[in-house]
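As given, the protein sequences belong to chains A and B, one line each in that order.
According to the working numbering, the first sequence is numbered sequentially starting from 1.
According to the working numbering, the second sequence is numbered sequentially starting from 1.
No wet-lab data here; the hints were simulated from the structure.
Please note that a few of the clues may not be correct.
The list that follows gives simulated cross-link-like pairs (lysine to any residue, SDA-like), each with its CA atoms no further than 25 Å apart [said to hold, decoys possible]:
1) LYS334/A - SER250/B
2) LYS334/A - GLU105/B
3) LYS48/A - ASP62/A
4) LYS334/A - ALA398/A
5) LYS334/B - SER250/A
6) LYS48/A - ASP58/A
7) LYS48/B - ASP70/B
8) LYS334/B - GLU105/A
9) LYS48/A - GLU59/A
10) LYS334/B - ASP125/A
Protein chains: 2
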Amino acid sequence: MGRLSTLFAPSRVAVVGATDSDGSVGRAITRNLLDSFEGEVHAVNPYKESALGLSCHDEICDVEDAGGIDVAVVAVPPDVAVDAVRDVGEAGIENAVVVTAGFGETGGEGAARERDLREVAEEYDLDVVGPNSLGVMSTPRGLNATFGDVMAREGGISFMSQSGAFVTAVLDWAAERDVGFKDIASLGNKAVLDESDFVAEWGADPDTDVILGYLEDVGDGAEFVRTAREVTQDTPIVVVKSGRTDAGASAAASHTGAMAGSEAAYEAGLEQAGVLRAESVQELFDYAQILSGQPLPDGDGVAIVTNAGGPGVMTTDAVGDADLSLAEFTEDTKARLGEVLPDEANIYNPVDVLGDAPAERFDVALETVLRDDNVAMAVVVACPTAVVDFEELAETVAERQAEFETPVAASFMGGESGTNYREILSEAGIPSYFDPARAVNGLDALHRYDEIQSREYAEPERFDVDRDRASDIVERAARRETNRLGVEAMDLLDAYGIPTPEGEVVDGPAEAERVAEEIGGEVVMKIVSPDILHKSDIGGVEVGVAPEDVRDTYEDLVVRAREYQRDATLLGVQVQEAVDLDAGTETILGTNRDPQFGQLVLFGLGGVFVEVFEDTTLRVAPVSEAEARDMLEDVDSTPLLRGARGREPIDEDALVETIQRLSQLVADFPAIAELDVNPLVAAPDGVTALDLQLTIDRNS
Amino acid sequence: MGRLSTLFAPSRVAVVGATDSDGSVGRAITRNLLDSFEGEVHAVNPYKESALGLSCHDEICDVEDAGGIDVAVVAVPPDVAVDAVRDVGEAGIENAVVVTAGFGETGGEGAARERDLREVAEEYDLDVVGPNSLGVMSTPRGLNATFGDVMAREGGISFMSQSGAFVTAVLDWAAERDVGFKDIASLGNKAVLDESDFVAEWGADPDTDVILGYLEDVGDGAEFVRTAREVTQDTPIVVVKSGRTDAGASAAASHTGAMAGSEAAYEAGLEQAGVLRAESVQELFDYAQILSGQPLPDGDGVAIVTNAGGPGVMTTDAVGDADLSLAEFTEDTKARLGEVLPDEANIYNPVDVLGDAPAERFDVALETVLRDDNVAMAVVVACPTAVVDFEELAETVAERQAEFETPVAASFMGGESGTNYREILSEAGIPSYFDPARAVNGLDALHRYDEIQSREYAEPERFDVDRDRASDIVERAARRETNRLGVEAMDLLDAYGIPTPEGEVVDGPAEAERVAEEIGGEVVMKIVSPDILHKSDIGGVEVGVAPEDVRDTYEDLVVRAREYQRDATLLGVQVQEAVDLDAGTETILGTNRDPQFGQLVLFGLGGVFVEVFEDTTLRVAPVSEAEARDMLEDVDSTPLLRGARGREPIDEDALVETIQRLSQLVADFPAIAELDVNPLVAAPDGVTALDLQLTIDRNS
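Please work from the sequences and hints to get the whole structure.
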């Protein structure tokens, strides 16, 4: 168990601000604790003699053996809340749950109060939930330290939510369904404890089968990725991240004041963290139910057993929509199905046991397909008929699932009343919905989690690079007047082993000639100025410059730059080896810094593919080799690098290595706010970075 | 009312095959009719004296005033079913419902039986439902002419299903919800009456608010598009078309023996028909509920009123996912919200009335936003709190919705029991779900149907073309040894006014020289052979041929073709005006014939866009100008035609006209099985078809 285990399994809890005033938060918490908590409850309130039968102490330190209290719930007015938390720390208590609102979410004064709270927590090494939290719950000890109305039922789901209201909604809804919880935490403003802390705790908790989260932001993305990767090796994490859309993100920002960050970064970060994302509340709990109830599949093949052709087709469509396949039965299976089923039955997948099938016929069909090694999962789809007894069928399905330990989902397409088939399935951990698509979607989540669990997160490779030289370039750049660098910073790439054309930035025609001579043959010449972003547009780039024209071209480029902007800072002219563009494909490799997840690396094919199709992919840096390779798979235009339309395939290993090296560079230098290698020409014999744009953050 | 009105509102029904044998279909139908039908029921069965208290007639013509019977339900063994239907027709009855199975779905003998049934129906002008149907229902007269267990509740949904089992499932499920039906038809094998007939009937039925369908195929796509377009001007049609995915399509084919056709054709056809497609059963009924309960919105702006920030953000995400926008409130609205709500409330959209809001505060907020002209729809999202009474809130929401006649959906995020708020909302036609995403998705369906209802389906323009010349070319082609034509058929395009380069197919070097001279300047020369598909690959195309080289090039091309395939049929060499490819963008315009929807027209940009990105769009021909323009909008790469990356925009009008002309051509000549204009070069000064491939179907 993790550090927070006493928070969820306390023996003694104190309510600071306990009261019996009608309608108050303090009363609700005290009442909830008295209702079901199996440990001691103490009340602290200097203005009250007693509250709901408990005698009130003036201060928390007045409680006998105050240091032995496991959790203090703080429900006092905002102006005295920080002091109350200090008293908790002073008393030697380790966990505080601050339900008081009026902190960061109100801005100004509240934000200052939240900083104070954070300092106090640090001073006393105090684990603080909230502030602005609904509280916490844990079912094994009947702990309800919230001011909500409903206590959770016992179960294997641990749930954290950045919205307290959503916790009350979920509890109310779950109370009528077979949804039980281990622990619940309303995260509030996450001043001290955040999603990573709870994920770590529940990952170490043997009684938590699934971790669910409703999140509006992730405070420290890198920390979350690290923690979640470890936890998801054993325990699935499913998250609704709200503020996914532009509209949602700005609503989230105005609601919590949280910097929501970009959806693209969350998508990359949560995927790399091994977190399953649910798009809606329904999906969140559908996933939780099947992940806590069913084993993981050994493959992606689904067998469908149904008594109706039409619903069988709908179910097959759902399999096609998911990342699953329809299992191909072995000859043995088909032969056996042929023996046990009537002639008119369909022995191919989806298996149609026909409308006159009683539960026993479903049973033999299910048993037969579960025995097939090609079947990793099964879904039983039953329409109501005069002959099929749903209760009997539910028992059959539950027994066969237990026997074969193969994941099964159900769609009993009928009314819910009159039989207790749902209960039978639910007790067996088998989800059942009217809509077969939901059943299949649940199986898809199992399969996706199986993929996550079998991931091996390789450490990003550290290449042997010239870090000192890169450091010099970055530092020099940070001292310059402008923080934007162009082709003059190509050495940075060179220092990290990313191939660049031979060349130098020169500041006179004679030197230009010398460099051109060293390179030999025709060269490319580009004006170098932080004030000129689109060099080509002003005639600032000349390709195929013959040796005898180098001097004149130098002068021409300078003149054009001056004509464009008289006071432009000119850093010189780059004289560069000519690269055969036709032999390769232009790609773009970029990075930028996300407030939550840190350095991100972006890859795509140049030109229309990035500009019109926005066909790019993103990863949190540093990336491992496997992740870099994955980036290529993510991009729709990658076939163009692999010989589509008669081209020669490019050197993918070189491209993958360059992605890793660039990711190492930006991970090493957080001061690099943005870096675009554009184009990075990918050719059959390797890659070459032709140009770059770089922005340095002087404040980091 | 349509032709089928007596089918659903009969006064007298006869059951052919009525019986009281336990577990028989004939008994179930007779019992169901006796249970609730408000008219007369007659029994026909030569082997029985009586059935369930009805005396049995030997033949249907023995029933008194047999010609006055409105509907005969035929439930006899398959070998006598066609004769029974003949007797029905002979008696002068207009409607037969054939529940007997063992027809087309069993192949062989059954298929022959189905052909016989169709002939009998035609002979007697008989409306036949089925065979292999569960039967029909209609609630106003209590008509249950099915062998299912459950009778539908009364309501405004008329529902057709190609799966009988799905009808029983839906009825069982709907019985516990507030879902009522007007008519239900189990379509069975659709030997005579098909989806178009029922759509037409219900479109003319004032008591049908929404038409729902579960379809595995559409028999006559063109007929369905015509009918549905008319009906959807007044009555929404929502369809689950199963067999959407490859896996689903092959499952459907094996289940019904139906040719499922391509999903791309269905997507285009159903969209052009104005049909809303639901992806799942849940969506089908969610759409039905809101379409039958709420008015159509006057715009796409959604107002959200909630008592909880987090769920407000989730709802905003759902708006972002849908084709809707978050309404921007007027200054007046914001000022008024500022007056009526507490200071901490959010007066911007989503409106947060705060966790301590009673129903009255929701009410003033809702009233204020509904008054705003920018608000076309509203969704009320409520989390359970100590102060909000869901029942009171439901009344409030229902009243305001009725007052403003603005569509409203609700997400009351709590338990369902203990209050009857759901009933209140349901009676007001306001859908309510735990998950706010479902509520928003319903509003999206309303908005989409509003767009459909306001469509104006222009007649496709008929251009003045040389149809006789085209007809000659097609006929000549059909007489040839091979049915594949290439560039030699360019005249076909010319006859329909599609610009082609000047040129001719010649069969000797001298003639080649003559044609080149007429054209003037350099020409393009291509070998013409039905046996050589990829001319460029074998050196069969020469561009930029100077006048003096035309003779030699002719010989070279013929030699290369012979080297490639000694016995290839050579039709000659095309000598063509050179077209500046760089000035334009290569597009592809293709057609093919779909078994359900007939001629389809496809458009996309050439090269990687079609081959790698599959960035194409499809329409059922003939297309109107508006539809042709729409095709351009559908394609992601269209910006490349409109000046992306510094290109000059192409002549869109010319491209749109060419799409229409090609669509007219294939609509005029059903014998054209496939036609690809590739490339069609689109340039700023017009379009030019450079090459084509054509396949003629000799059998049509």
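Review point. Taking only the CA atoms, is the gap from LYS48/A to ASP58/A under or equal to 25 Å?
Key: Satisfied, since the Cα-Cα distance of roughly 8 Å is no more than 25 Å.
**Study point:** Restraint status (C-alpha distance of LYS334/B to ASP125/A at most 25 Å)
**Key:** Violated. LYS334/B to ASP125/A sits at ~45 Å, over the 25 Å cutoff.
Review point. Taken at face value, is the distance from the CA of ASP62/A to the CA of LYS48/A at most 25 Å?
Key: holds (14 Å)
**Study point:** Holds or violated: LYS334/A to ALA398/A, with C-alpha atoms at most 25 Å apart
**Key:** holds (23 Å)
Exercise for review: Assess, step by step, whether the Cα of LYS334/B is no farther than 25 Å from the Cα of GLU105/A, and give holds or violated.
Suggested key: holds (21 Å)
Check your understanding: Does GLU59/A lie within 25 Å of LYS48/A when you go C-alpha to C-alpha?
Key -> Distance of about 11 Å is within 25 Å: holds.
Review point. For the pair supplied as a hint, LYS48/B and ASP70/B, is the alpha-carbon distance within the 25 Å limit?
Key: holds (23 Å)
**Study point:** Hinted pair LYS334/A and SER250/B, Cα distance within 25 Å
**Key:** holds (18 Å)
Review point. Does the alpha-carbon distance linking LYS334/A and GLU105/B stay inside the 25 Å limit?
Key: Given pair LYS334/A, GLU105/B holds - Cα atoms ~21 Å apart, limit 25 Å.
Review point. Within a Cα-Cα threshold of 25 Å, do LYS334/B and SER250/A meet the stated pairing?
Key: Given that 25 Å is the threshold and the Cα spacing comes to 18 Å, the pair holds.
Hint compliance for this structure: hint 10 is the single one not met.
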